[in-house]
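S.K.: My request is simple: use the sequences and hints to build the entire structure.
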Amino acid sequence: MSPDSPSRVPTADPGSPRPTRLALRLVAHKKVRTGVAVSGIAFAILFMFLQLGFLGALRATAVAVSSRFEGDLVLVPAKFLHLSDSGSMPRSRLFQARSIPEVKSVTPIYMRIARWKAPLTGRGCSLFAIGFPLAAAVPLRIEGLANLVTALGSPGSIVVDRLTQEKCGATETLKTVEVREGMRDLVGRYTLGVGFLADGSLLSSDETYAQMFDGQPADEVNMGLVRLEAGSDVEAIADRLRRVLPPDTLVLTVGQLNDRQTRFWVEDTAIGTIFQMGAVVGFLVGTMILFQVLSTDIRAHLPQYATMKVMGFTNRRLYVLVLQQSWLFAALGYVPALLLALLVYDAAYRATLVPIAMSGGRALLVLLLSLSMCTVAGLLSLRRLRTADPAELF
Amino acid sequence: MRESQEPFIRIRDLSFAYGQGEARKEVLSQNNMELYPGELVIMSGPSGSGKTTLLSLIGALRSVQEGSLKVGGDELKDFDTRALLYYRRKIGFIFQHHNLFPALTAFESVRMALDSSDLPATERNSRTREILERLGLSHRLNNKPDSLSGGQRQRVAIGRALVHRPSLILADEPTAALDKETGRNVVDLMKELVRSKGSTALMVTHDSRLLDAADRIVHMMDGRIVSNVLVAPVVDAATLLRDSGLFPGSTPSEFLEVAQKMARLRYQAGETIITFGEEGDRFYVLREGEVEVETGGPTAPKVVGTIQRGGFFGERALISREPRAATIRARGPVEVYALDKDDFDAAIARTKTFQDQMLSVIFSRS
Numbered sequence: 421m422s423p424d425s426p427s428r429v430p431t432a433d434p435g436s437p438r439p440t441r442l443a444l445r446l447v448a449h450k451k452v453r454t455g456v457a458v459s460g461i462a463f464a465i466l467f468m469f470l471q472l473g474f475l476g477a478l479r480a481t482a483v484a485v486s487s488r489f490e491g492d493l494v495l496v497p498a499k500f501l502h503l504s505d506s507g508s509m510p511r512s513r514l515f516q517a518r519s520i521p522e523v524k525s526v527t528p529i530y531m532r533i534a535r536w537k538a539p540l541t542g543r544g545c546s547l548f549a550i551g552f553p554l555a556a557a558v559p560l561r562i563e564g565l566a567n568l569v570t571a572l573g574s575p576g577s578i579v580v581d582r583l584t585q586e587k588c589g590a591t592e593t594l595k596t597v598e599v600r601e602g603m604r605d606l607v608g609r610y611t612l613g614v615g616f617l618a619d620g621s622l623l624s625s626d627e628t629y630a631q632m633f634d635g636q637p638a639d640e641v642n643m644g645l646v647r648l649e650a651g652s653d654v655e656a657i658a659d660r661l662r663r664v665l666p667p668d669t670l671v672l673t674v675g676q677l678n679d680r681q682t683r684f685w686v687e688d689t690a691i692g693t694i695f696q697m698g699a700v701v702g703f704l705v706g707t708m709i710l711f712q713v714l715s716t717d718i719r720a721h722l723p724q725y726a727t728m729k730v731m732g733f734t735n736r737r738l739y740v741l742v743l744q745q746s747w748l749f750a751a752l753g754y755v756p757a758l759l760l761a762l763l764v765y766d767a768a769y770r771a772t773l774v775p776i777a778m779s780g781g782r783a784l785l786v787l788l789l790s791l792s793m794c795t796v797a798g799l800l801s802l803r804r805l806r807t808a809d810p811a812e813l814f
Numbered sequence: 044m045r046e047s048q049e050p051f052i053r054i055r056d057l058s059f060a061y062g063q064g065e066a067r068k069e070v071l072s073q074n075n076m077e078l079y080p081g082e083l084v085i086m087s088g089p090s091g092s093g094k095t096t097l098l099s100l101i102g103a104l105r106s107v108q109e110g111s112l113k114v115g116g117d118e119l120k121d122f123d124t125r126a127l128l129y130y131r132r133k134i135g136f137i138f139q140h141h142n143l144f145p146a147l148t149a150f151e152s153v154r155m156a157l158d159s160s161d162l163p164a165t166e167r168n169s170r171t172r173e174i175l176e177r178l179g180l181s182h183r184l185n186n187k188p189d190s191l192s193g194g195q196r197q198r199v200a201i202g203r204a205l206v207h208r209p210s211l212i213l214a215d216e217p218t219a220a221l222d223k224e225t226g227r228n229v230v231d232l233m234k235e236l237v238r239s240k241g242s243t244a245l246m247v248t249h250d251s252r253l254l255d256a257a258d259r260i261v262h263m264m265d266g267r268i269v270s271n272v273l274v275a276p277v278v279d280a281a282t283l284l285r286d287s288g289l290f291p292g293s294t295p296s297e298f299l300e301v302a303q304k305m306a307r308l309r310y311q312a313g314e315t316i317i318t319f320g321e322e323g324d325r326f327y328v329l330r331e332g333e334v335e336v337e338t339g340g341p342t343a344p345k346v347v348g349t350i351q352r353g354g355f356f357g358e359r360a361l362i363s364r365e366p367r368a369a370t371i372r373a374r375g376p377v378e379v380y381a382l383d384k385d386d387f388d389a390a391i392a393r394t395k396t397f398q399d400q401m402l403s404v405i406f407s408r409s
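Chains as they are written, first to last, in my numbering: chain A, 421 to 814; chain B, 44 to 409.
Nothing false has been slipped in among the hints.
Think about it this way: if two alpha-carbon atoms lie no more than 30 Å apart in a straight line, the pair counts; the simulated DSS-like pairs of lysine-lysine are:
(1) B/Lys187 with B/Lys223
(2) A/Lys451 with B/Lys187
(3) B/Lys187 with A/Lys450
Think of the hints as simulated: they come from the structure by calculation, not from any bench.
M.R.: Dropping the structure here:
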């Protein structure tokens with residue numbers, strides 16, 4: 421044989437080692453170490469699931485009520501912050517709005533947090549109270565609400581949300597309850613769920629609402645729900661209303677209202693920031709755990725990696741090998757984290773009635789975050805791999 | 044004493060230093076060497092003599108600093124990354140430590156070396172199985188390192204280095220962890236690869252039991268190659284010197300030392316090797332063929348005898364400083380071992396005993 425001259429390098433790659441199998445073997449070899457690592461990563465992923473779950477619940481809370489409005493536009497005070505702290509505006513703005521021909525109706529809405537006293541325990545609860553005129557079309561898209569309107573016509577009558585927290589004692593058999601230091605007749609139930617907004621919600625006629633909140637000025641409302649004639653250009657009419665109404669009134673589409681609500685809850689409140697930070701912390705914790713695991717493992721196997729370099733494995737192949745290990749850790753951590761998250765979501769919902777549930781989107785998002793987290797850890801640990809020096813092997 | 048052939052590795056004035064400035068320490072200094080296809084070279088020398096650094100330079104694990112290191116005629120320091128990668132894949136590295144992944148079985152560890160080949164999977168598997176069987180590990184194919192002995196692990200590492208039938212084998216104490224029989228088996232395997240595939244093997248070892256396997260022995264000292272000996276011709280020349288009965292008191296190392304300095308020369312039938320009346324410049328030992336001895340000079344030439352393998356001539360003029368007293372002519376194709384005058388003088392001066400014996404020989408002929 422005449423030894424091949426290295427100058428006669430083949431045009432095609434002389435062959436590419438396939439590290440997938442090796443990555444599997446390396447991850448599976450030390451079961452205790454892998455178990456500990458997977459537990460840590462699973463915990464970090466679960467933490468992300470929980471934080472993002474709560475963040476999702478916060479988003480759901482933000483639009484729990486506003487997304488149910490049966491209307492095209494809403495009129496809210498200029499200082500409107502969110503539904504339970506909307507401020508008030510002159511009732512006359514509603515009449516002014518009706519000067520636009522395409523405006524079919526404007527329904528006044530009253531909203532505040534009401535103090536509810538649990539019947540058996542006497543414990544106080546905060547319920548989000550919504551009042552509206554019964555003569556108008558039902559303003560909220562809630563199943564069965566239309567059937568409750570007649571019952572609400574009796575002064576002092578209220579209907580309560582089935583998704584009111586258990587501590588408030590709003591059982592199916594409860595007939596009367598103290599709300600804002602006055603006894604109210606509980607004449608029906610509906611299903612809404614307001615999440616973080618309050619312990620529950622109740623609906624009443626505008627008259628009963630005025631009874632409950634006797635300080636409520638008759639000429640002020642919290643919101644006006646505008647319905648337009650069929651086929652109207654919602655945006656164009658919103659613009660016209662903005663020109664008609666003075667600056668103390670905001671004209672929003674229901675979508676814009678939802679956006680403002682979401683922005684407030686997710687971005688402006690501390691709770692939204694905390695959940696977001698929690699997800700970031702979960703990401704960082706997972707990254708550091710896996711970085712430590714991979715880094716330690718690489719350090720322990722530096723001679724082996726150096727030997728692979730000597731055998732002709734390219735740096736790129738070794739990098740892929742490490743990244744494949746990190747992705748395997750991500751996959752191994754993700755599955756138990758997902759299962760645990762489903763259990764914790766269920767337990768959290770049962771305990772708080774906060775609308776927390778797994779969605780395909782969130783499952784996919786956390787999977788991508790987990791892969792990203794492990795990729796970052798893998799990339800960080802590559803620095804260690806670069807120290808594998810074949811020259812040190814002799 | 045070498046057949047004309049292009050070397051696989053050619054080293055010229057190769058130097059290497061670690062560190063810079065005041066911390067600079069030269070570990071290789073102005074080394075020259077060739078490694079030919081089909082030869083197994085054993086490199087020896089004390090710790091710190093530069094053997095390992097030289098191995099790592101030849102293996103392209105370190106970059107050439109000064110001098111030239113050519114592979115297949117191409118300068119190694121001109122190789123780009125891709126060419127270096129390809130070159131390394133042609134090398135079988137055997138280290139003192141096995142460096143096996145604890146997660147992989149013996150079979151997987153060895154087969155990994157074939158991952159970069161384009162062989163079909165069945166061929167990879169059969170080659171892997173074959174070499175592990177050769178290394179006496181057929182019953183340990185599925186064992187991981189933690190269930191193998193130290194020698195078995197080293198054998199797996201050797202299998203990993205040789206399974207792709209490399210063009211160049213660089214081995215650092217490959218048999219240190221092996222028993223005598225297994226060590227011999229490993230060297231035989233390397234030798235077989237060297238012979239059948241024309242590979243080149245450079246092996247650092249202190250195991251004197253393996254020296255007989257070497258085609259050449261290189262000795263290093265203080266960063267320099269101080270001897271570079273083709274084993275077979277030197278042993279042959281030394282044996283001829285010993286068998287001649289001329290130096291009964293000499294030690295094997297004295298014979299070898301003289302033999303190392305001898306050149307192997309060829310002559311055709313009728314060709315004159317030394318000429319009557321000329322100044323003596325070499326001492327000869329006949330390796331092959333037959334020569335005739337002619338005295339009397341050009342005026343009265345007379346063939347007085349012949350010399351066969353093992354016979355020697357040309358020493359008298361070197362010792363006495365007188366002109367050649369005879370003409371020596373090849374009767375057929377002839378090969379001789381020849382020692383230059385300076386080396387001959389140095390050899391004689393080395394020991395009084397040796398010198399006395401030579402003078403005794405001359406005296407007995409006169």
